[in-house]
Amino acid sequence: MDSSWLLLLAVLAPGFAGLATLCLPKGWITPRVLLAVSGPALAFVLVLSHLGQHGVAGHVEAEHHDTAAAAHDDQAAEHADKYHADDKHGEKTDDAKPIHLPAPEGTAPLAWVPSMNLSLAFLADGLGGFFALLVSGIGVLIVLYARGYFGNTEQAQRDLFRFYPTLGFFATAMMGVVLADYTLLTLVFWELTSISSFLLIGWDRYDKHAVKLAKQAFFTTGLGGMSLLGGIALFGSTTGIWRWSDMLAQAGEIDFTQAGVLWAFVLMFIGAAAKSAQWPLHYWLPGAMAAPTPVSAYLHSATMVKAGVFLVGRLFPVFAPGIASPDSGLDIWPYVIVWFGAVTMLYGGVTAVNQHDLKRIFAYTTVSQLGLLMAMYGLGGFRYHGVPTIDFDITQIANHAFYKAPLFITAGAIGHVASRSLPELFGAFHKHKAICLTMLLAGYALAAGPGTISFAAKELFLYAILHAADEHPWLWLILLMTIATAACNVAIFVRLLTTLMGWRFGMQAQAKPDEHDDHHHEHGLWGALIWLPAVPLVALQYLGGFITPLWNAIFLPFEKYAFYKGFHGEVPSLIHALLNPSLALVSSIIAIGLGVLLGISKLLRGQHTDVNDYIYPATEATSVGLGRGVFRLLQNGNLRYYIFAVLTTLSAVFIVVVVQDRAMIEVVGDEAKNAFELPLGVILGVLICVSALLLPVLIQRVVRVLLLGSCGFIVVAMYIVYQAPDLALTQLMVEIISVLLFVLVLRLLPPVPEEKKEVGRVVRAIAGVVTGLLFGWMTLVAATGNPTEVLGEWFVQNAYHGEKLADGTYGRGGGGFNVVNVILVDFRGFDTFGEVTVLALAALGVWSMLPGRRKELESR
Amino acid sequence: MSSILVRTAIKLIFPLVLMFAAYTALKGHNEPGGGFIGGLMAAVAFLLFRMTNGRDALVKLMPFHPRNLVALGLGIAVATAVAPLFFGQSMLTSLVVDEMPIGFGQKIHFASAVFFDAGVLMVVVGVSVGMIQRLNEEIDVREIDGEGSLSEPAETEGTS
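One line per chain: the protein sequences are V and F, in this order.
Here the first sequence stands for residues 1 to 860, where the numbers follow my numbering.
Here the second sequence stands for residues 861 to 1020, where the numbers follow my numbering.
Everything labelled a hint here was simulated from the structure, so no lab data went into it.
In this text, a Cβ means the ideal position worked out from N, Cα and C, and glycines have one as well.
Be aware that a few hints might be false.
Among the chain V residues that face chain F by a calculated CB cut under 7 Å, a handful are [to be verified]:
| id | residue |
| --- | --- |
| 1 | Asp-246 |
| 2 | Leu-729 |
| 3 | Met-733 |
| 4 | Ile-736 |
| 5 | Arg-747 |
| 6 | Asn-818 |
| 7 | Val-825 |
| 8 | Arg-828 |
| 9 | Gly-829 |
| 10 | Ala-840 |
| 11 | Leu-850 |
Some residues of chain F that are not near chain V, with every Cβ distance over 12 Å (derived) [said to hold, decoys possible]:
| id | residue |
| --- | --- |
| 12 | Ser-863 |
| 13 | Leu-865 |
| 14 | Thr-868 |
| 15 | Leu-872 |
| 16 | Leu-876 |
| 17 | Asn-890 |
| 18 | Arg-910 |
| 19 | Phe-964 |
| 20 | Gly-965 |
Work out the full structure: start from the sequences and follow the hints.
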């Protein structure tokens, strides 16, 4: 099968499987689960088979690492894994060497909207392919977990019925984000993830708080999406590049000095930062914890929130300075991203320690880790001995997903059987061994304990900082921030451990929680699904920690960045860290020590309220208040005011136009000469004016209606004088109906109010006269166009027959002698059709707004 | 409005107006008139009839909801608009037969646009009658409840 179709199928499979579950009866839980699982499972297999067949796009086997290593001279390479300050001298020259990353190729595009540079093409390179496997793979586990989480009660049947389609929708959107090759296609799916996230956060539609938080998340990420759209459009229009693969291939030729490229980067980064919860826009992510836990585990820890990191990863080879060519990239890249990432990292870490709710704790550690991932790509903009200080980004991303999803899964499980508040879980291990053990194992990875891949990942990050700090001493500050963050993570693990085990330093609630004994607990395999899906992910953590070569075998094909010679092109194992003691190891040890101390101390044990939580409500309140003010000003409910405002505006605009175009005044002068051609017309015109001018003078409503009617009837006479019988007939009928309806409706109106100010009436009368004159003028101007351009002639000639053809017959005409009618039903038939449709719609409106009174009348 | 003179007069005029409306609509293609005008004429007739003879008389005359007329009219208009597509013509092309025999040795000029016009007529009549009915019902209810009362009409339970 063609790769594009295959990957499109992989993208759509979860969504379609989710929709298909809607066809099953509500009671069929097990078939529903199996059908829902089939979607992401199929996607996983399809992506895997694509990667197996075509390889990871843009990946070059081991030799690539050698070339990168050979980019600097042997002497530097020898010293590369040590940190001699004196090595700094003379390394500057290496900075000029570009890295020559192989450019991945996207699949052949399937045309969608080619004119807008939007087609269906996919890019399964290391980053995209890995993310696709992550999304679909964890998707399978989450579908199973949702079954355990919701249970098999009657409520669960309703929940699962609604849940799987929404989850499938999200999975499809996310697969699209990570696989799309066209920038705009990524944006389309990006927005879909925001929408599905909104639906899932506000899952409990009757919980006003949850709905509010869903809106908060939607608006924040939605604004980010707008920013991303701006960035993509700006980049596309500046450089003409609308595909990621083209962007990667042509990165060396882009002129990065253009302002458009710089702003495109800024806008895209704002989009990525909003999606990946970077400070100060991170507030939506802890808020998103209102969602059911399967959603938190899937969207808000493992996949969707990484979309921003993914985007920055996509942009990295293009925008990071000096990667593609010596002049390519933006020098601000590392400074902007490292700072935002590092602040987010530390802020998230410290806030996480200060929480009691397990989901909030893990939410803030997610924020923290997302900051770290951002900072990692930011650091890649620096050099160490000529090579960028970034290694094994995929391992970093995978590491976080593999411990954070299990943490959420088990948090949901323990919340289901006991409580989600940490102090209330004192000693819970002894009751819920399996769940707590899984959580602690994942928590150990959160603390980046030795023996997990998390430890290696943290080492890699520390190496990157230390390497880059060689030339940029301010990065030592970032190192301190990282150590502080790591200590916070360790402290969280220590608190988890001591509390769950019921040890001395654990957190203890004053009041014992009510045990949810009345709660319905399922047993057996289905019941165990509430924690079992966490196990394979945790297992991967320890597999990576203890059998690092196996990890390398699985994940190295996805890795693009393995620059640092000291790692020999492989993710460093624990043994490597111990055998090559460095400042990174020392930092780790300091962090662990500080973390244990913080964990058992009495410090930071409260529940911190995040000041950023007020950003959105305050913004919303301000803008809603502003909007309400404007609304009250413009929409005061007085129909007379509306008409007055509309007409005076129209008159004002017309006057402005006339002032600028003198020709419109001359036209009137020319036409005025013909005004008295038809004396009868003049008399009728005067009559119309007289009856119209009487309107403001006479106050009684019935009189006014009759006056309006008389205006209309005189217009009918005018039509007859000017020989337009069709118009005259129609006008006559319309006038009769209007007068009759007016008379009918008048009886429903309140009595005429006492006019308080005569001034208002005078002003309105003047405005009316002015508007009338201007309309007359406009009509006059419109009627005096160049006669040869008037369509009327053509209509008249073709009303019955079309043009005479060479063989003596006629072409197609309207087939009627009444030109007006032929126009209505033939030449302009579409208009008539539209008009009657509008008429029917208006009637529908009347019928729905005025409730029928038939029954009431009949009952009397 | 319930003067016996007016009521009787309208009863006499009503069928004549309807006939004239039909005539105007049919002749429309070649002489002044057409579906829209015809529909409006019929609407005026119905309106006067309703105002003088009351609701029940109109219901007896038109024992279905006017929306059915609107739906039918729109349906016919769509059908005539789309039909030419099946003969390879563009939308709304009308079929013209200059001398179509209608029996008794008579021949007429026929254009398929007449169906479109008939659809327009039905929509116009349906919409007008429907709106008039609703407005009149509203007025009738309020007049029973009290002259022109502005408050929401009282609940009807127990008042009958």
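Checklist entry - Should the label of F/Asn-890 as a non-interface residue stand, given a Cβ cut-off of 12 Å to chain V? => result It is violated; F/Asn-890 is separated from chain V by about 4 Å at its closest Cβ, not greater than 12 Å.
Next on the checklist: Tell me if the interface restraint on V/Arg-747 is satisfied: Cβ within less than 7 Å of some Cβ in chain F.
Outcome noted: holds, 6 Å
Item to check | Interface hint outcome for V/Ile-736 [beta carbon to chain F under 7 Å] | outcome: holds, 5 Å
Item to check | Closest C-beta approach of V/Val-825 to chain F relative to 7 Å, hint status | outcome: holds, 4 Å
Next on the checklist: For F/Leu-872, is the shortest CB-to-CB distance to chain V above 12 Å, so the non-interface label stands?
Outcome noted: Holds, since 18 Å exceeds 12 Å.
Checklist entry - Are all beta-carbon distances from F/Ser-863 to chain V longer than 12 Å? => result holds, 15 Å
Item to check | Cβ separation check - F/Leu-865 to all of chain V, threshold 12 Å | outcome: holds, 18 Å
Next on the checklist: Just to be careful: measuring from the Cβ of V/Gly-829 to every Cβ in chain F, is the smallest value less than 7 Å?
Outcome noted: Nearest chain F Cβ about 4 Å off; hint holds.
Checklist entry - Can the hint on V/Arg-828 be confirmed by a CB-to-CB distance to chain F that is less than 7 Å? => result violated, 9 Å
Next on the checklist: Interface hint check: V/Met-733, Cβ to nearest Cβ on chain F, cutoff 7 Å. Holds or violated?
Outcome noted: Constraint on V/Met-733 satisfied, holds at 3 Å.
Checklist entry - Against chain F, with CB atoms and a cut of 7 Å, does the hint on V/Leu-850 hold up? => result holds, 4 Å
Checklist entry - Is the nearest Cβ of chain V still more than 12 Å from the Cβ of F/Phe-964? => result Fine: 24 Å to the nearest Cβ keeps F/Phe-964 off the interface.
Checked against the numbered hints given earlier, the structure breaks hints 1, 8, 17 and 18 and satisfies all the rest.
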